[in-house]
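Peer 1: If you use UniProt numbering, the sequence shown corresponds to residues 1 to 695, in order.
It should be emphasised that the hints constitute simulated quantities derived from the structure, not laboratory data. Please note that a few of the clues may not be correct.
[Stated by the list, open to error] Straight line, CA to CA, 25 Å or less: simulated SDA-like cross-link-like pairs of lysine to any residue:
no.: 1; residue 1: Lys626; residue 2: Trp647
no.: 2; residue 1: Lys626; residue 2: Glu560
no.: 3; residue 1: Lys425; residue 2: Asp262
no.: 4; residue 1: Lys510; residue 2: Leu432
no.: 5; residue 1: Lys609; residue 2: Lys425
no.: 6; residue 1: Lys609; residue 2: Lys632
no.: 7; residue 1: Lys68; residue 2: Ala29
no.: 8; residue 1: Lys26; residue 2: Pro52
no.: 9; residue 1: Lys286; residue 2: Glu560
no.: 10; residue 1: Lys60; residue 2: Ala120
no.: 11; residue 1: Lys26; residue 2: Leu432
no.: 12; residue 1: Lys463; residue 2: Glu559
no.: 13; residue 1: Lys199; residue 2: Leu432
[What the hints assert, rightly or not] Per label pair, the in silico range of CB-to-CB distance:
no.: 14; residue 1: Asp200; residue 2: Thr621; range: 52 to 62 Å
no.: 15; residue 1: Glu441; residue 2: Lys626; range: 44 to 54 Å
no.: 16; residue 1: Lys387; residue 2: Lys626; range: 44 to 54 Å
no.: 17; residue 1: Pro514; residue 2: Asp389; range: 18 to 28 Å
no.: 18; residue 1: Gly399; residue 2: Asp439; range: 51 to 61 Å
no.: 19; residue 1: Arg265; residue 2: Lys72; range: 49 to 59 Å
no.: 20; residue 1: Phe185; residue 2: Asn638; range: 53 to 63 Å
no.: 21; residue 1: Cys601; residue 2: Arg58; range: 32 to 42 Å
no.: 22; residue 1: Glu189; residue 2: Arg265; range: 22 to 32 Å
no.: 23; residue 1: Glu290; residue 2: Gly161; range: 46 to 56 Å
No residue lacks a Cβ here, since even glycine has one placed at the ideal position from N, Cα and C.
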Amino acid sequence: MASNLVIVESPAKAQTIKRYLGKQYKVKASMGHLIDLPKSQMGIEINEVFKPKYITIRGKGKILSELKKEAKKADRVYLAGDPDREGEAICWHLGRALGIDEDEHCRVEFNEITKDAIKAAFKEPRKIAYNLVNAQQARRVLDRLVGYNISPILWKKVRKGLSAGRVQSVAVRLICDREQEIKEFVPEEYWTLIAQFSKDGEKFEGKLQEVDGKKAEIPNEERMNEILSKLENATYKVHKVEKKERKRNPNPPFITSTLQQDAYRRLGFSARRTMRTAQQLYEGIKVSGEGHVGLITYLRTDSTRISQSALTAAKEYILEEYGEDYYPGKPRTFKGGKGSQDAHECIRPTRTDLSPEKIKSALSNDQFKLYKLIWNRFIASQMAPAKYDTVAADIYAAGTMKFRARGSQLKFPGFLALGHEDQDKDEILPELKQDDLLDLEELQPNQHFTQPPPRYSEASLVKTLEKEGIGRPSTYAPIIETIQTKGYVIQEEKRLYPTQLGEIVVEQLKEFFPDVLDVDFTAEVEQGLDKIEDGEKDWQEFLYEFYEPFEKQVKTAEEEMKKIELEEEQTDVECEKCGSYMVVKHGRYGKFLACPNFPDCKNTKSFVKELNVECPKCQGTIVERKSKKGRKFLGCNNYPDCDFITWYKPVEGKKCPKCESFLVQRGKKNKYYQCSHPDCDYSADAVEEQEEKQS
Numbered sequence: 001m002a003s004n005l006v007i008v009e010s011p012a013k014a015q016t017i018k019r020y021l022g023k024q025y026k027v028k029a030s031m032g033h034l035i036d037l038p039k040s041q042m043g044i045e046i047n048e049v050f051k052p053k054y055i056t057i058r059g060k061g062k063i064l065s066e067l068k069k070e071a072k073k074a075d076r077v078y079l080a081g082d083p084d085r086e087g088e089a090i091c092w093h094l095g096r097a098l099g100i101d102e103d104e105h106c107r108v109e110f111n112e113i114t115k116d117a118i119k120a121a122f123k124e125p126r127k128i129a130y131n132l133v134n135a136q137q138a139r140r141v142l143d144r145l146v147g148y149n150i151s152p153i154l155w156k157k158v159r160k161g162l163s164a165g166r167v168q169s170v171a172v173r174l175i176c177d178r179e180q181e182i183k184e185f186v187p188e189e190y191w192t193l194i195a196q197f198s199k200d201g202e203k204f205e206g207k208l209q210e211v212d213g214k215k216a217e218i219p220n221e222e223r224m225n226e227i228l229s230k231l232e233n234a235t236y237k238v239h240k241v242e243k244k245e246r247k248r249n250p251n252p253p254f255i256t257s258t259l260q261q262d263a264y265r266r267l268g269f270s271a272r273r274t275m276r277t278a279q280q281l282y283e284g285i286k287v288s289g290e291g292h293v294g295l296i297t298y299l300r301t302d303s304t305r306i307s308q309s310a311l312t313a314a315k316e317y318i319l320e321e322y323g324e325d326y327y328p329g330k331p332r333t334f335k336g337g338k339g340s341q342d343a344h345e346c347i348r349p350t351r352t353d354l355s356p357e358k359i360k361s362a363l364s365n366d367q368f369k370l371y372k373l374i375w376n377r378f379i380a381s382q383m384a385p386a387k388y389d390t391v392a393a394d395i396y397a398a399g400t401m402k403f404r405a406r407g408s409q410l411k412f413p414g415f416l417a418l419g420h421e422d423q424d425k426d427e428i429l430p431e432l433k434q435d436d437l438l439d440l441e442e443l444q445p446n447q448h449f450t451q452p453p454p455r456y457s458e459a460s461l462v463k464t465l466e467k468e469g470i471g472r473p474s475t476y477a478p479i480i481e482t483i484q485t486k487g488y489v490i491q492e493e494k495r496l497y498p499t500q501l502g503e504i505v506v507e508q509l510k511e512f513f514p515d516v517l518d519v520d521f522t523a524e525v526e527q528g529l530d531k532i533e534d535g536e537k538d539w540q541e542f543l544y545e546f547y548e549p550f551e552k553q554v555k556t557a558e559e560e561m562k563k564i565e566l567e568e569e570q571t572d573v574e575c576e577k578c579g580s581y582m583v584v585k586h587g588r589y590g591k592f593l594a595c596p597n598f599p600d601c602k603n604t605k606s607f608v609k610e611l612n613v614e615c616p617k618c619q620g621t622i623v624e625r626k627s628k629k630g631r632k633f634l635g636c637n638n639y640p641d642c643d644f645i646t647w648y649k650p651v652e653g654k655k656c657p658k659c660e661s662f663l664v665q666r667g668k669k670n671k672y673y674q675c676s677h678p679d680c681d682y683s684a685d686a687v688e689e690q691e692e693k694q695s
């Protein structure tokens, strides 16, 4: 019997693939890259047309030796790395290490780990795609040139241990630029006017839209008072009523960036957590009665393309579960975004019959939540639109004041029947017709101020990186993790803030390496890598075009960049070892306290942020702490003598009317206040309390 060796990247993937291949196939895992550039040196022969110096990664020698032994015993070796540049490079390195001929059809590629996909891939193995390999080499070498040239300069001029990455530095710049926008923002005052109307006892509201035929722009209270004076004793008459049907179409199935954004928004998952969980779903989960099953298609993609078999499966599921009214009549297709490589399908379930609820017992909590998100989004993408009856009424007062009242009511749920999307709230207007006179209940003038742009969250940063063409689907999560690990950015209240260190590094790189920090230039680099993959550009020529001006910038920076002394934030906390006042440092897991006499004194302590509220149990001070998983909570500074904790923040200036303990705000949609004392049952609706305060 012929023996065949199949090499994949991970053990979980190996287990799943074993199920679909016969006994004549042995499946082994390489555990990712086995061969790469050395860490101790640049490893690039610049004078030899950027020739990389590859070595076996430390600690991976044993795995490579075992694979060589298995390859010698096998009649044929198949390389089944992930279907992207990194996967192709892993296969190329393995092929060379195992002595596989360059012309050998040894590469098998699949977008999903299902029986049909695996069988099809092994029927048509191909040669290694050297354009993909060269694109990966070009990116790897380019990043090494940037990192290993700029980082040593930062060590000398700013602080030891710093690094500068081609893509990560641009991400930090985006966050720093946003912070600067916020600092420079000057709020502008404006007013809006809401009218509360009624007809036959039914109340509804309209908003002032036009004054004297122009858009209602009310910059200050004086102008608002002028308008209110004109509306004194005015009559309110319906001028026009428009009734329409509005359709709301489902979103496309997920690509990597939209999955990260939606998982963050709906599940609170970081980009890293999303990708880790999605990788598990892709590689395979042991399902009762099914064995190891790859539950989703490949997770690193920028394409919304759907295979014909998946479209057919979705159609059958929708017709069976919901009926003909819920299917749009023909499959939905979606256009890819600008710059989409379209190398793979969208992220979708591999089998529509394995619904999230059906296999819930086989999944961890994170796996179930993410799988349900992916499954629902894909099925919804093939369903009929939701339909609303909408009404818009123009109401005139004082001759030239136009108010607009809007109403809508869901009449057919369509894809919303899945329950995974937020449903538009019904706003029902009374029956209105032209020339109806309305009763005015109240005029509500409201003062507002323009707000600065919000700080980036992980989701909005991913969205911006994708929009600007910076990085690729596989890089978003590592970028966000790296900039925090290096101390350039911190995350508080799910928002990204630049540190002093991050701002200083960005300023220096802007001055001496403007191309590296330029958003458009970084996007052009990505386009160049795509051209290499498509065979339209030579990878070494691409590197030369970058390196020639870059080398001059490195020399200039070495000579002219000034040494910067970082200011350290001093605290009133004494070091118990040497008596000095400790300083705030930024590490991988956020802030911590360190002795300023390092390395003579290496004492460190966790950073504790004090809140201006008393502990309800012992009258100690409430401080902010972190759990082992990094989640913030509040506890007493007298711990362990006092065990009080709460996951909810205090409401500023509010105390419990029963016991005087501080109140916390709870609830996402229906917000309410609750007493922090564990033995007190006081609670109050936050919205009602706010309304009472306003009245």
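Peer 1: Which of the numbered hints are not met once you compare them with the structure shown?
Peer 2: 2, 4, 5, 8, 9, 10, 11, 12, 17, 18 and 20
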